[in-house]
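These protein sequence lines map, in sequence, to chains B and X. The first sequence begins at 0 in numbering that gives the first Met the number 0 and counts up one residue at a time. The second sequence begins at 0 in numbering that gives the first Met the number 0 and counts up one residue at a time.
Since the hints were made in silico from the structure, they are not lab data. Incorrect hints may appear among the rest.
Said to hold, decoys possible - Derived Cβ-Cβ restraints for the label pairs, each shown as a range:
#1 B:130 to X:450: 52 to 58 Å
#2 X:450 to B:103: 39 to 45 Å
#3 X:509 to B:107: 17 to 23 Å
#4 X:269 to B:107: 55 to 61 Å
#5 B:144 to X:467: 36 to 42 Å
#6 B:144 to X:390: 58 to 64 Å
#7 X:309 to B:130: 16 to 22 Å
#8 B:137 to X:269: 54 to 60 Å
Claimed, not checked - One side of the interface only, derived from the structure: several residues of chain X facing chain B at Cβ under 10 Å:
#9 2
#10 39
#11 44
#12 63
#13 204
#14 208
#15 293
#16 294
#17 295
#18 296
Every value quoted in this text rests on a predicted model; they were computed, and no experiment measured them. We put the CB at the ideal spot given by N, CA and C, even for glycine.
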Amino acid sequence: MGLGNVLSQDDGLGPFVIQTLLAGWEFDESVQVLDLGTPGLQLSPYLQGQESLIVVDTVRSDGEPGELRLYDRERLLKHPPAQRTSPHDPGLKETLLALELHGLSPAHVLVVGVIPAETGYEPRLTDAVRSAVPGAVDAVLAELERLGVPATRRTEPTEPDIWWERSPSD
Amino acid sequence: MARIVVDPITRIEGHLRIDVEVDGGTVRNSWASGQMWRGIETILEGRDPRDAWLFTQRFCGVCTTVHAITSVRTIENALNLEIPMNAQYIRNIILCAHAMHDHIVHFYHLSALDWVDIVSALSADPRRAAQIAQSLSDWPGNSVQVMQQTQARVQGIVDSGQLGIFANGYWGHPAMKLPPEVNLLAVAHYLQALDYQKKANQIVAILGSKTPNIQNLAVGGVANAINLDNEATLNMNKLYAIKDLLDEVSRFVREVYVPDVIAVGSMYPDWLGYGAGVTNYLSVPDLPLNAAGTEFDFPGGTIMNGDVGTYRPISSFNDEYFRDNVQEGIAHSWYDGDWQKHPWEESTDPMYTDFQDNGKYSWVKSPRFANEPMQVGPLAQVLVGYASGHELTRKYVDAAVSQASSLAGVQLGLQHLHSTLGRHLARAVRTAVLAELAYKHWGLLVNNIGSGDTDIFNPPEFPSGEQRGFGFHEAPRGALSHWVVIDSGKIKNYQAVVPSTWNAGPRDAQGRQGPYEASLMGNPVADPELPLEVLRTVHSFDPCLACAIHTLDPEGKEIAKVKAL
Numbered sequence: 000m001g002l003g004n005v006l007s008q009d010d011g012l013g014p015f016v017i018q019t020l021l022a023g024w025e026f027d028e029s030v031q032v033l034d035l036g037t038p039g040l041q042l043s044p045y046l047q048g049q050e051s052l053i054v055v056d057t058v059r060s061d062g063e064p065g066e067l068r069l070y071d072r073e074r075l076l077k078h079p080p081a082q083r084t085s086p087h088d089p090g091l092k093e094t095l096l097a098l099e100l101h102g103l104s105p106a107h108v109l110v111v112g113v114i115p116a117e118t119g120y121e122p123r124l125t126d127a128v129r130s131a132v133p134g135a136v137d138a139v140l141a142e143l144e145r146l147g148v149p150a151t152r153r154t155e156p157t158e159p160d161i162w163w164e165r166s167p168s169d
Numbered sequence: 000m001a002r003i004v005v006d007p008i009t010r011i012e013g014h015l016r017i018d019v020e021v022d023g024g025t026v027r028n029s030w031a032s033g034q035m036w037r038g039i040e041t042i043l044e045g046r047d048p049r050d051a052w053l054f055t056q057r058f059c060g061v062c063t064t065v066h067a068i069t070s071v072r073t074i075e076n077a078l079n080l081e082i083p084m085n086a087q088y089i090r091n092i093i094l095c096a097h098a099m100h101d102h103i104v105h106f107y108h109l110s111a112l113d114w115v116d117i118v119s120a121l122s123a124d125p126r127r128a129a130q131i132a133q134s135l136s137d138w139p140g141n142s143v144q145v146m147q148q149t150q151a152r153v154q155g156i157v158d159s160g161q162l163g164i165f166a167n168g169y170w171g172h173p174a175m176k177l178p179p180e181v182n183l184l185a186v187a188h189y190l191q192a193l194d195y196q197k198k199a200n201q202i203v204a205i206l207g208s209k210t211p212n213i214q215n216l217a218v219g220g221v222a223n224a225i226n227l228d229n230e231a232t233l234n235m236n237k238l239y240a241i242k243d244l245l246d247e248v249s250r251f252v253r254e255v256y257v258p259d260v261i262a263v264g265s266m267y268p269d270w271l272g273y274g275a276g277v278t279n280y281l282s283v284p285d286l287p288l289n290a291a292g293t294e295f296d297f298p299g300g301t302i303m304n305g306d307v308g309t310y311r312p313i314s315s316f317n318d319e320y321f322r323d324n325v326q327e328g329i330a331h332s333w334y335d336g337d338w339q340k341h342p343w344e345e346s347t348d349p350m351y352t353d354f355q356d357n358g359k360y361s362w363v364k365s366p367r368f369a370n371e372p373m374q375v376g377p378l379a380q381v382l383v384g385y386a387s388g389h390e391l392t393r394k395y396v397d398a399a400v401s402q403a404s405s406l407a408g409v410q411l412g413l414q415h416l417h418s419t420l421g422r423h424l425a426r427a428v429r430t431a432v433l434a435e436l437a438y439k440h441w442g443l444l445v446n447n448i449g450s451g452d453t454d455i456f457n458p459p460e461f462p463s464g465e466q467r468g469f470g471f472h473e474a475p476r477g478a479l480s481h482w483v484v485i486d487s488g489k490i491k492n493y494q495a496v497v498p499s500t501w502n503a504g505p506r507d508a509q510g511r512q513g514p515y516e517a518s519l520m521g522n523p524v525a526d527p528e529l530p531l532e533v534l535r536t537v538h539s540f541d542p543c544l545a546c547a548i549h550t551l552d553p554e555g556k557e558i559a560k561v562k563a564l
C-alpha cells in the first residue's frame, strides 16, 4: 500500500513506489498492490481482514532526506495517535487500532519509510527521495519473500506510469 | 480570560488550528486558521483540460471522487458539452455511494466519541442496552449477545492497559452525559459501521474500477463500457451486485445510523442550542436527471438569516445566480493584498505573516455569496431541500424531529437544526435521502440500458480562443465548485472553492466571522485543559482541510495538541 500525495513533491513517494512495483513485477494472487493516496481513517475498507500489510510512505524522523526507515507494527503503534481536529488527518495508526477492536486488524505490519526533503506543491519527487526509490522497492520485495509470497520480475517490464510527473507540454 | 489553542501540529505542515478565548466557562472570541497553503491549483496551469480531473482527484485523499466529478462537470460546462444519460446516472450512483460511505465514517469513526464515553460502556447492563436498542429499530445487530460481546471487547482493550485508538478520548469528562447502556449500544454500532462503510465503498469500486481514486471518468461521460452479456464490462451481474450492496447499506442507515443520531442527540438537548453560527446557507443542486443539467433530484439554493422563507433556488448547471455571486476574499488570509474577487479573476500570491488576531491569520480564503458569509454542508442542503418542498427531505426531517422530541421530552422544531447537533441530525437525514435516491438512479440506469441505450461518452472539442466554465457538486461537506479559464485547449486558470473553505474561512474585510468561528461563540467550556466542547462544534462540520500533505509519524514526534494559555 502506497500512501501520500502525488501533488506534494516527496509525499508522492508511496504512489511512485507502487507504480514502479506494478511496472516491473508480477504478484501472487493473494497480494494487492494499491496506491491509496491520503485517505485518513477511510483506510479501513482496504485493511480490514488482511493478514499482512506493507506500507510505503514518507516518515517524520531524524536523519537525512532519502534515508530509509523500517518500522514494525509494535514500533508503529508504540505512540498513540494524537487528538485530531480535522477528522481527516493521516489515519494509519487509528485505522489499525480501530480494526483491532473489531478483531480485523492485520497481524503483521511493516512500514517502509523514507525521510522527505520537500513537500510543497509540485508533482515531482526531489532527487534525494527519487534515489531512495530502488531501496524502498527492494525492502518491499524482501518482505514479500519473507511472507512466502515473492514477486516475480516481469519478462518485459514496462516504464512505471508516473503520470503526475509528465510536464504540461507533453 | 483564558486563551485555548487547539492545534494538532502532528505532521510536517500544520492543518486546522482553532483559537478560542474563554471567560466564565463560555467562548467569547474565536479564530479558525488553515495552517497549510492551498495553492494547489497552480499545478493545473498549462495542462490539458481533459486531464484536470486526474490531478484534482489528488487534492484531497478523502474527497477524491468529488473533485474528480466536479472537474469533469467544469470542463463540460466550459465547452457546453452534454453527456449521455448513462454517464449521468453512473456518476450519480457513485456520488450517492461515496457520500453514504463518507457520512457513516464521519458519525461513527470521526465524531461519535465526542459524545459517547466508551469506558462508561463497561458498567452497562447488556440486557438493558439491547432493550433500548430494540426499542429504536428492528436491526438484527441489537441482540443481548451482541451487547455482551461488545462489552467483552472493550473490557479486553481496557485490561490490556492500552486504550489504543481511544487513548486520547475524553473519558469521564463532565460534558459526557449518556447513560452506560446508550454508550454500549453506540459502541456496538461503531464496530458494525466498519462493515457498512466498506460495503458503500465497494459500490464506488465496482463502478469506478478502483477506489479511492476512481478511473472511470472522462470529460464527456464515463469509461464504463456497457454490455449486459460481457464479463469485462458493466453487466447485469455487476448491476445486481450494486443493488445488493445498496440494500445492505440502506438498511444500516435506516435502522442504525438515523436512530442512533436521534437517540444520542435527544440526550444532549443543550447542544440543540449551541453552535448555530452563520445561518445563511448555500447548497447546490445535484443528481441531474437530464443531459443538460436543468433538472435535479436534490434541489439547490440559498437561505438567508435562518429564514426558510428567503429560499432562492439554484436550478441548473448554468445557473447565473450561482455563477455571478461567488467571490473569495483575502483580507485576513496570508495572500498579498486585501481584495475580494470572483474565482475566474483570482490569483494566488502567498504572503505569510505570523498569526495576527486582528490581521492575517489563515491560509484559507473567505468565500462570500452576494457578499455574505454562508454555511455549507448537509444542514444547508437539508434546509434548502425543506424550504423548496423536497418531499423526501421533508419526510425524514419531520420524522426525525418528531422522534427526537418524544425522546427528549420537549417539543423541537426546524429552528433547533441551527446548532451543533442539528448538523449531525441533518447529515443523518441526508444519508437516508441519499439511500433512497441511489436506488432510484440505479433503476433509471437499468431502465435506460434496457431501452437499448448504451452511449457513455460524447467526445469534447476545444475551440480556439478562451472559454470559461464552472461546475459544482453537493459534496459530503457541502457545495463544492471548480472554476476554469481555458485558452486554446490549455488551462489558463483553475480555482476550487471547497466546502471547508466556505465553513473554515477567516473573517472578511468587514470583520464578519466565518461559520466555524461564529459557531463557537457562546459555546460552554467546562475545562479549558480539555476543551471537548470546542471539538464537538468543530467536528460537527466534518472539517476537511488537511488532506493534501501526509507523512506518517511513527515515532510520535508530536508537539502538544491543546494549549491553554
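Now for the hints, and whether the structure bears them out:
no. : hint                       : result
1   : B:130 to X:450: 52 to 58 Å : 57 Å, holds
2   : X:450 to B:103: 39 to 45 Å : 43 Å, holds
3   : X:509 to B:107: 17 to 23 Å : 57 Å, violated
4   : X:269 to B:107: 55 to 61 Å : 46 Å, violated
5   : B:144 to X:467: 36 to 42 Å : 55 Å, violated
6   : B:144 to X:390: 58 to 64 Å : 59 Å, holds
7   : X:309 to B:130: 16 to 22 Å : 60 Å, violated
8   : B:137 to X:269: 54 to 60 Å : 57 Å, holds
9   : 2                          : 16 Å, violated
10  : 39                         : 5 Å, holds
11  : 44                         : 7 Å, holds
12  : 63                         : 6 Å, holds
13  : 204                        : 9 Å, holds
14  : 208                        : 13 Å, violated
15  : 293                        : 33 Å, violated
16  : 294                        : 32 Å, violated
17  : 295                        : 27 Å, violated
18  : 296                        : 25 Å, violated
This entry does not satisfy hints 3, 4, 5, 7, 9, 14, 15, 16, 17 and 18, going by the numbered hints stated previously.
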